[in-house]
Amino acid sequence: PYKRHAEAIELAEALNWHLAANMLVQQTPQHNYFRTMLLWRSNSAVPANLTTLAIQDKGKYTPAFSALLQPYYLNL
Numbered sequence: 001p002y003k004r005h006a007e008a009i010e011l012a013e014a015l016n017w018h019l020a021a022n023m024l025v026q027q028t029p030q031h032n033y034f035r036t037m038l039l040w041r042s043n044s045a046v047p048a049n050l051t052t053l054a055i056q057d058k059g060k061y062t063p064a065f066s067a068l069l070q071p072y073y074l075n076l
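Numbering (my numbering) for the sequence shown: 1 to 76.
There is no bait here: all hints are sound.
Below, a list of computed lysine to any residue pairs in the SDA-like style, where the Cα atoms sit at most 20 angstroms apart:
#  : residue 1 : residue 2
1  : K58       : Q30
2  : K60       : N32
3  : K60       : H31
4  : K3        : R35
5  : K60       : Y33
6  : K3        : Q30
7  : K3        : L50
8  : K60       : L74
9  : K3        : L24
10 : K58       : T28
11 : K58       : H31
12 : K3        : P29
13 : K60       : Q30
14 : K60       : P71
15 : K3        : A54
16 : K58       : V25
17 : K58       : F34
18 : K60       : T28
19 : K3        : F34
20 : K58       : N32
21 : K58       : Q27
22 : K3        : N32
23 : K3        : W40
24 : K3        : T36
25 : K3        : E13
26 : K3        : L53
27 : K3        : Y33
28 : K3        : L39
29 : K3        : L38
Worth flagging that the hints you see were computed from the coordinates, not collected in a lab.
Please put together the full structure from these sequences, using the hints given.
Rendered as structure tokens:
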């Protein structure tokens, strides 16, 4: 859940893990974030990549969400 986003980062950094990618997910562009996806690495040489993803816009799946799930679902 997004509400634990900062806590997850703090806990991982205490274990010497480094954030590689961070995706914030919202139902629509008008909603607040409700999920976060974090990818970790042991090397801190490269700064983290931040991405946002809206699932729907104007009642339809967004192109970014459809592209992400297309390999797993036939009817998007």
